[in-house]
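S.K.: Here is how the chains run, residue by residue.
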Amino acid sequence: MQKIRVVIAKPGLDGHDRGAKVIARALRDAGMEVIYTGLRQTPEQIVAAALQEDADAIGLSILSGAHMHICPRVMELLREKGLQDVLVVVGGIIPDVDIPKLNEIGIKGVFLPGTPMQDIVDFIARNTRSRVEA
Amino acid sequence: MKTAAPGATASKERRGSFTTISGRPINQLYTPEDVASLDYERDLADPATFPYTRGIHPTGYRGKLWTMRQFAGFGTPEETNQRYKQLLKAGGTGLSVAFDLPTLMGRDPDHELSLGEVGKCGVNVASLADMETLFDGIDLAAITTSMTINSPAPMIFAMYLVVAQKQGASWDVLSGTIQNDILKEFIAQKEYIYPPRPSMRLITDVFAFCAQRVPRWNTISISGYHIREAGATAAQELAFTLRDGVEYVQYGVDAGLDVDVFAPRLSFFFNSHSDFFEEIAKYRAARRIWAHVMRDRFKAKNPRSWQLRFHTQTAGVSLTAQQPYNNVVRTALQAMAAVLGGTQSLHTNSLDEALALPTEAAATLALRTQQIIAHETGVANIVDPLGGSYFVEKLTSDLEEEALAYFDTIDRMGGMVAAIEKGYPQREIAESAYKFQQAVEQRDKIVVGVNEFVSEEEGPIGTLYIDESAAERQLARLNELRRTRDNDRVRKALDALKDGARGSANTMPLLIEAVRAYATVGEMCDALRQVWGEYEETPII
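Chains U and W supply the protein sequences, listed in that same order. So in this note's numbering, spot 5 of the first sequence is number 6, and the numbers just go up one at a time. So in this note's numbering, spot 127 of the second sequence is number 128, and the numbers just go up one at a time.
Derived by calculation from the structure, the hints in this document are not laboratory data. Check the hints yourself; a few may be wrong.
As the list claims (entries may be wrong) - The calculated SDA-like cross-link candidates involving lysine to any residue, where the alpha carbons are at most 25 Å apart (straight line), are:
1) Lys423/W - Ala27/U
2) Lys109/U - Glu458/W
3) Lys499/W - Tyr252/W
4) Lys102/U - Tyr252/W
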């Protein structure tokens, strides 16, 4: 079976990368192909990486409170590039009130602190499988 | 291994491993045998006596309680100024400024990377005008202020000095701390701008300037907090932080400064995590290691150079989004460990910080937690109450030994800057972070409310929401400033700063002139970016 390809990205100015790195490693250990962009990526750079890497999923790690600016921009750029079937998930410090708003713009998974890695691995596997197998 | 008593065999113990949160195996019982090699006068000694294992003050908290310093900042300088006045009214005894990410990264609010970040994680301060508002009505000669700022620390500190001067306060009475610790940024928090070597020069410029002009200021807060939050074990936090300290002292000495002139103003900042005794042992080991380093390695003669003073913050990373009220209990226990370890100042986290910045009510409860420890539990009546405990003394020695082994490795690499350039501490921390996460996944480590004792139904708690108007107001203010200030004076000051940076002039007086001209944080940092370039790391997973 073809490996699921995931871009893990840290947008914005924040440098707290523990979550991004732990998740990148957990996905890799679960058999996925992981591309970690490193820090301070603009939405444009993240979408370009997803396009270039033929990603099945993008995981955004945001702890700074900038998610309501960054996420809509990423979704808009994905649509522009015809990548609307790429699964987008977000992990980090996200207030409850913003979760439905993120779901509405097409972000399927929002993971808060304390989420088991296995839940995230399973979620990505379940929601990208049809694309990978197609 | 010694067992407790006949009959107390391993078969009667609970299943699973008995280890600290850092994965350190713990025996069932500790006895005089575990501390047989310790000599009281040599290794512990009374408080205020070398090597200061038991503390740096003869009277502990009987003389003066620790400073209850709650880290705060959000939105605009006006909003944060109001929060400070409230904290001081509630009995807070010092201020601690949290800046937003654009300020921390040396970017103005109108930079493209500042999108969505202005005023979110802290207060936005773009120029002297913002600093004047931030401390409006607060007498800088009468309080102490800690400012969590690193790469742009000299710029922000210059602003503070100019505000103080405008208030009529003399610089030689000012007291407080700037974090100014760039090494842990490369290692853990990643808020760097310039490459390591010019970054170190900015720091030694501050050491030299303060020794002459602002003698009561703590010029650096050498921080393990962020190293621990990034996933380090207790021993790694201890080792990398103190080895960073060694690096700063070495750079200061190499820059021609007298160690006994700047070393007494170095301060430290540690995490207080959930493993109670390991944390207490960590603080005690830190004091002992630093005393030896300063006396034996650097030949410092002034006892104040030997004494490690530190601030503590409870572990943000231990807070859970699930069942957030549990965080009050975690924080109280962590705060207690810091107090038993002899901290000089303390920040207690708020219960809602895994979800958002704290509400005023949550921040007040966090402060009350410290007040209860100080005034109701009796722990402040005695100095180093756990000194002499077989277990705590053994842990203290073990942590010291582990930290010194890391010192040897880093020394062999050519020092901390060289080790960072090789990615060594970064890799060690990433490894520990992953191991801990696996232990949680496998339920080797229990996190209440997360992987055990989970509640299905949880009511939401109210959180602080920073709306976008803060960013809009800061942008409007910045545009107005650029229109009304003397732009010719700004340009000249920035040119002088660049010239100074190319040569060997101390950058502090040049920054103070730029600040007086109302140059922005972004403009000052950009001027130095043009001279020194920007650092880019190779990510290590």
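S.K.: Taking the hints in turn, state whether each one holds.
M.R.: Hints, one by one, checked against the model:
{"no.": "1", "hint": "Lys423/W - Ala27/U", "result": "holds (24 Å)"}
{"no.": "2", "hint": "Lys109/U - Glu458/W", "result": "holds (22 Å)"}
{"no.": "3", "hint": "Lys499/W - Tyr252/W", "result": "holds (22 Å)"}
{"no.": "4", "hint": "Lys102/U - Tyr252/W", "result": "violated (50 Å)"}
Taken one by one, the earlier hints fail for this structure only at number 4.
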